[in-house]
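**Student:** In the order they appear, the protein sequences are chains A and B.
If you use the numbering used here, the first sequence corresponds to residues 1 to 113, in order.
If you use the numbering used here, the second sequence corresponds to residues 114 to 227, in order.
Hints were generated in silico from the structure; no laboratory data involved.
The structure displayed is predicted, hence computed values, not measured ones.
Hints are supplied without guarantee of correctness; some may be wrong.
[As the list claims (entries may be wrong)] Negatives, chain B to chain A, calculated, CB over 12 Å:
hint	residue
1	G129
2	A130
3	Y140
4	Q158
5	T168
6	K181
7	V194
8	R222
[Unchecked claim] Below, simulated DSS-like cross-link-like pairs (lysine-lysine); rule was C-alpha separation at most 25 Å, straight line:
hint	chain 1	residue 1	chain 2	residue 2
9	A	K64	A	K14
10	A	K66	B	K162
11	A	K14	A	K66
12	B	K214	A	K41
13	B	K214	B	K181
14	B	K181	B	K162
15	A	K20	B	K214
16	B	K214	A	K66
17	A	K41	B	K162
18	B	K214	A	K64
19	A	K64	A	K20
20	B	K214	A	K55
21	A	K55	A	K14
22	B	K162	B	K214
23	B	K162	B	K174
24	A	K66	A	K41
Idealized CB from N, CA, C, for every residue including glycine.
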Amino acid sequence: GAVVSQHPSWVICKSGTSVKIECRSLDFQATTMFWYRQFPKQSLMLMATSNEGSKATYEQGVEKDKFLINHASLTLSTLTVTSAHPEDSSFYICSAMMDSQQFFGPGTRLTVL
Amino acid sequence: AQSVTQPDIHITVSEGASLELRCNYSYGATPYLFWYVQSPGQGLQLLLKYFSGDTLVQGIKGFEAEFKRSQSSFNLRKPSVHWSDAAEYFCAVVTNFGNEKLTFGTGTRLTIIP
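Okay, chain A solo, but in the shape it has when bound:
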């Protein structure tokens, strides 16, 4: 139980385009989901907290107009990287909260050319 999926697992896009990443809790409902960014050989940095039915809470330094988060249902949160640039290339990981524990998705590798 407590499986979280992400789609796509990897994506390559051209600079200036937008990319949407989905995070789904497959066998449980999650009021709260989190989005992280991980650079190579580095730790996970929390980008934002996504709450179902309300606006996401962004961490300091994260551009909310750049990284749009929508948590439209109890099993789905999406992260849209708008007007992506090469510096947005990274590994994006989501997690879903259940019983005060975070369950993580496998991550999405974004490469912006």
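Given the structure of chain A, go ahead and fit chain B onto it with the hints provided.
**Tutor:** Relative to chain A, chain B alone:
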């Protein structure tokens, strides 16, 4: 601000040998403490956690960790490693109780040699 330090970026251990991964935190009170493992292509998996009580915590895959308040440490141990333990290990804390936000350490990459 709270922080989590994993002093060892990379550790190499022979298969069958014992393992200890270090984690120190900086926070005024005792936070909730976690160890996660990240394998390629897989999500972070929780190995164990400490909230309160017995300071020696048993986890999955034969791992254990000991909370030492005096040293602000939460080191991960395993008596005998297997080749499948090769992965990235992250220590994490929750200090802002109520919103469950995790602060991660920088991670330790574990390599297992035959």
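**Student:** All hints are to be evaluated individually against the structure, with a verdict given for each.
**Tutor:** Hint-by-hint comparison with the structure:
| no. | hint | in the structure |
| --- | --- | --- |
| 1 | G129 | holds (27 Å) |
| 2 | A130 | holds (24 Å) |
| 3 | Y140 | holds (16 Å) |
| 4 | Q158 | violated (8 Å) |
| 5 | T168 | holds (20 Å) |
| 6 | K181 | holds (22 Å) |
| 7 | V194 | holds (21 Å) |
| 8 | R222 | violated (8 Å) |
| 9 | A:K64 <-> A:K14 | holds (21 Å) |
| 10 | A:K66 <-> B:K162 | violated (34 Å) |
| 11 | A:K14 <-> A:K66 | holds (16 Å) |
| 12 | B:K214 <-> A:K41 | holds (21 Å) |
| 13 | B:K214 <-> B:K181 | holds (22 Å) |
| 14 | B:K181 <-> B:K162 | holds (14 Å) |
| 15 | A:K20 <-> B:K214 | holds (23 Å) |
| 16 | B:K214 <-> A:K66 | holds (22 Å) |
| 17 | A:K41 <-> B:K162 | holds (24 Å) |
| 18 | B:K214 <-> A:K64 | holds (18 Å) |
| 19 | A:K64 <-> A:K20 | holds (14 Å) |
| 20 | B:K214 <-> A:K55 | holds (17 Å) |
| 21 | A:K55 <-> A:K14 | violated (28 Å) |
| 22 | B:K162 <-> B:K214 | holds (14 Å) |
| 23 | B:K162 <-> B:K174 | holds (14 Å) |
| 24 | A:K66 <-> A:K41 | holds (24 Å) |
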